[in-house]
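Peer 1: Chains as they are written, first to last, in the working numbering: chain A, 519 to 946; chain B, 519 to 946.
Take the hints with a grain of salt, since some may be wrong.
As the list claims (entries may be wrong) - Calculated lysine-lysine pairs in the PhoX-like style (CA-CA distance at most 25 angstroms, straight line):
1) 829/A x 784/A
2) 829/B x 829/A
3) 857/A x 918/A
4) 858/A x 829/B
5) 639/A x 829/A
6) 798/A x 608/A
7) 665/A x 697/A
8) 829/A x 858/B
9) 591/B x 634/B
To be verified - To be clear about the criterion: a stretch of chain A counts as covered by chain B if any three or more of its residues have a C-beta under 8 angstroms from a C-beta of chain B, and this derived list gives those stretches:
10) 663 to 676
11) 798 to 805
Claimed, not checked - Sample of chain A residues at the chain B side, in silico, Cβ under 10 angstroms:
12) 761
13) 837
14) 841
15) 843
16) 882
17) 889
18) 898
No wet-lab data here; the hints were simulated from the structure.
Here a beta-carbon is modelled for each residue, glycine too, at the ideal position from N, C-alpha and C.
There are 2 protein chains.
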Amino acid sequence: MAELNFNAGDYVRFRLALKEMEGRVLESSDNSVVLLKLGSGYNIGIPKENILGTRILRKYNEEKKILELPSAKGLLNIGMVITGGTIAAKLDARTGGVSWLTDVGEFARFYPEIFKIVNVKRIEVPFMIASESMTSEHWIKIAETVKGMLDDKDISGVIVTHGTDFLHYTSSALSFFLKNLNKPVVLTYSQRSIDRASSDASLNLQCAARMAISDAAEVMLVGHASINDDYCYAMRGTKVRKLHSSRRDAFKPVNTEPIAKVWADKVEFISQYRPRNGEKVELDVNFSDKIALVKFYPGQDSSILDFYALKYKGIVIEASGLGHLPVSEVGHNWIPALKKHIRNGFIVCATTQCIWGRTDSYVYSNGRELMEAGVIFLEDMLAECAFVKLGFVLGHYGWKAHIREKMLENFAGEINERLGIDSFEKSS
Amino acid sequence: MAELNFNAGDYVRFRLALKEMEGRVLESSDNSVVLLKLGSGYNIGIPKENILGTRILRKYNEEKKILELPSAKGLLNIGMVITGGTIAAKLDARTGGVSWLTDVGEFARFYPEIFKIVNVKRIEVPFMIASESMTSEHWIKIAETVKGMLDDKDISGVIVTHGTDFLHYTSSALSFFLKNLNKPVVLTYSQRSIDRASSDASLNLQCAARMAISDAAEVMLVGHASINDDYCYAMRGTKVRKLHSSRRDAFKPVNTEPIAKVWADKVEFISQYRPRNGEKVELDVNFSDKIALVKFYPGQDSSILDFYALKYKGIVIEASGLGHLPVSEVGHNWIPALKKHIRNGFIVCATTQCIWGRTDSYVYSNGRELMEAGVIFLEDMLAECAFVKLGFVLGHYGWKAHIREKMLENFAGEINERLGIDSFEKSS
Chain A
519 MAELNFNAGD YVRFRLALKE MEGRVLESSD NSVVLLKLGS GYNIGIPKEN ILGTRILRKY
579 NEEKKILELP SAKGLLNIGM VITGGTIAAK LDARTGGVSW LTDVGEFARF YPEIFKIVNV
639 KRIEVPFMIA SESMTSEHWI KIAETVKGML DDKDISGVIV THGTDFLHYT SSALSFFLKN
699 LNKPVVLTYS QRSIDRASSD ASLNLQCAAR MAISDAAEVM LVGHASINDD YCYAMRGTKV
759 RKLHSSRRDA FKPVNTEPIA KVWADKVEFI SQYRPRNGEK VELDVNFSDK IALVKFYPGQ
819 DSSILDFYAL KYKGIVIEAS GLGHLPVSEV GHNWIPALKK HIRNGFIVCA TTQCIWGRTD
879 SYVYSNGREL MEAGVIFLED MLAECAFVKL GFVLGHYGWK AHIREKMLEN FAGEINERLG
939 IDSFEKSS
Chain B
519 MAELNFNAGD YVRFRLALKE MEGRVLESSD NSVVLLKLGS GYNIGIPKEN ILGTRILRKY
579 NEEKKILELP SAKGLLNIGM VITGGTIAAK LDARTGGVSW LTDVGEFARF YPEIFKIVNV
639 KRIEVPFMIA SESMTSEHWI KIAETVKGML DDKDISGVIV THGTDFLHYT SSALSFFLKN
699 LNKPVVLTYS QRSIDRASSD ASLNLQCAAR MAISDAAEVM LVGHASINDD YCYAMRGTKV
759 RKLHSSRRDA FKPVNTEPIA KVWADKVEFI SQYRPRNGEK VELDVNFSDK IALVKFYPGQ
819 DSSILDFYAL KYKGIVIEAS GLGHLPVSEV GHNWIPALKK HIRNGFIVCA TTQCIWGRTD
879 SYVYSNGREL MEAGVIFLED MLAECAFVKL GFVLGHYGWK AHIREKMLEN FAGEINERLG
939 IDSFEKSS
């Protein structure tokens with residue numbers, strides 16, 4: 519066994535029995551194993567006893583240069599809101615984990631390309647969290663921060679950088695919270711941090727910058743259109759979903775077309791959008807957290823309704839393809855529990871768990887029975903968007919007598935009335 | 519207002535103010551409206567006062583011809599299990615609802631084409647239900663019926679017809695229940711019943727018949743490969759999901775390739791499969807219903823674990839892309855509840871709510887914390903399949919000390935170890 523004279527953070531080459539291996543040494547809680555971050559970005563654990571020789575290629579050097587934000591004449595100004603996620607992360611060379619790119623200068627150093635497209639007039643960092651820790655409080659904070667930037671006449675549009683996993687919930691929330699939108703609000707992400715060879719961060723951010731100065735006054739998500747590093751799609755915030763855990767083109771528009779194809783230097787609109795306008799943006803962040811999202815599964819009984827109806831105001835159920843739940847007389851029948859809780863004011867909405875397509879309460883008698891029990895069938899709305907919308911609608915006390923109408927009112931393109939049969943193939 | 523002298527079931531032409539409209543009159547609970555089933559298959563409600571004239575094109579005629587099952591020499595025998603769903607339904611001309619094609623002769627009359635491909639030696643109808651009413655008892659009953667047919671030396675393969683919505687749960691269950699499979703077991707469906715112009719039933723059933731006499735000893739789902747009525751895919755029962763509420767090609771293989779392209783007259787294998795063999799099929803239907811499937815959403819607290827841990831043995835959580843739940847110190851932290859319940863024997867598994875891709879507990883510290891708390895990360899397993907597998911594993915008392923190992927053992931192709939980055943685009 520060779521003497522191990524390297525430290526966490528060093529870039530090393532190991533000689534093993536059958537091959538050599540290069541990478542950055544990470545801090546490891548297991549003293550018998552060396553954790554190595556490979557050039558591919560993946561971590562591998564190597565038992566120390568297998569290491570026959572070591573060569574330190576580069577010692578760890580914690581460099582920290584603070585730069586001013588570059589600015590060029592003739593470029594339009596944008597605002598940027600940084601909230602966390604991989605796009606605002608860099609590898610912590612010693613722990614193998616990530617640390618945040620909250621330092622504005624450092625951000626500029628990692629992403630120099632966007633300063634050829636826009637001037638970043640303001641950067642705000644309301645918080646830095648992983649996307650799974652987002653709550654409605656964070657959505658509201660982001661909306662308030664964006665609103666402040668939209669009100670600045672010198673700012674042409676806003677970029678929000680965000681973790682990927684629950685980004686489509688946030689994009690839905692901003693779509694509802696920012697009424698009379700006058701400029702582009704562009705959310706973007708990356709699946710791999712900027713310090714990795716295969717990072718998707720730079721193209722996404724460049725395309726987001728391009729989209730932020732475009733004509734579309736919509737809340738949009740901009741990200742890779744395919745695994746190729748060539749162009750992005752701009753997708754409506756209410757009609758987009760993360761559909762792959764790790765690919766660059768993880769986000770797909772669902773039940774609709776992308777709004778535009780976006781390159782670093784141009785935008786090609788491919789479907790209708792709300793154009794840039796002179797309206798005054800209105801912030802409406804009334805929201806009730808007393809909501810839940812439940813996916814129905816075979817054999818599930820209706821006791822979950824009792825659980826949620828106790829403390830919550832409403833629920834979105836990912837039901838069958840057309841939005842059904844069991845109503846048969848044999849086995850589990852959801853009708854009695856639905857009727858009881860709905861009569862007491864509990865709101866029950868149904869979306870399809872197929873993701874693509876739309877609910878329909880008219881095709882089968884099961885659907886008609888559920889509708890008569892008071893279930894609100896949410897057309898082709900995505901379950902995640904429906905969940906956010908339910909919180910928004912229930913957050914408005916004045917709408918109390920009109921929940922159904924409000925859930926079915928098309929606030930921000932979340933319902934596609936003219937959904938064609940083809941959008942499945944094109945969008946998936 | 520014209521005199522309305524037609525009856526439910528009649529095929530009529532109405533004269534309205536601006537156009538004429540043809541279709542079959544349905545029974546309607548609303549006396550002021552005539553419900554008309556159009557040639558497109560859709561129902562429309564027409565206020566009686568808008569009908570200016572009526573012509574009865576065909577009176578309703580309840581024909582019922584019972585035929586013998588046709589049989590031809592030189593064709594291989596198959597067995598068929600009919601369980602309900604649109605593929606075994608026909609329009610009830612009077613109610614506009616559906617009635618079941620349980621009469622074997624009637625089934626043969628509606629689907630004459632498959633008798634040119636195979637002899638249907640046995641048809642069994644264990645029950646007829648909508649797919650949302652399926653429970654594990656039904657899965658077991660189907661498995662037992664299929665097993666009986668597989669043991670018949672004269673039968674080359676088995677077709678199971680089934681409703682679409684929860685078909686992929688049933689295909690997973692059969693994949694686990696039928697061990698040492700020796701012949702093809704082919705589940706198929708239709709999105710539109712056979713008596714509708716655009717029905718996908720006939721091609722699906724013909725391709726299912728062709729696949730049932732093929733070389734693949736797998737539990738497979740066979741259905742339209744695209745919206746064109748030309749060929750089908752055979753997809754592994756554990757790696758398939760309904761992804762569109764109404765399209766013919768609603769089912770897609772996820773995180774894998776299809777097993778084969780199937781036409782009415784040929785099979786073209788495109789990925790590896792288990793070949794037909796001489797093993798004795800073993801029926802293993804040990805199953806625990808004390809399981810649940812929960813989709814995590816932003817802001818959800820861990821109280822749902824308390825609810826399920828009270829009465830259930832285990833749970834599958836559709837977590838973030840990589841399988842994360844909130845572990846931050848601010849906001850909702852799931853770690854304490856997870857640790858408490860897992861310590862008491864409650865099983866918690868994580869899949870990705872992205873559908874495509876795989877969980878990974880190593881990339882971020884959040885994942886490592888969850889793994890240390892005892893969460894089982896289920897690789898690239900589909901959540902629906904994982905739910906069924908958890909019931910299967912927990913149903914085996916002898917595996918009690920090895921739940922993690924069993925959940926991660928690849929019983930029926932439910933884990934794709936060699937998942938490439940490309941399978942997303944190809945399969946979606």
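Peer 1: Output the numbers, in ascending order, of every earlier hint that fails for this structure.
Peer 2: 1, 5, 6, 10, 11, 17
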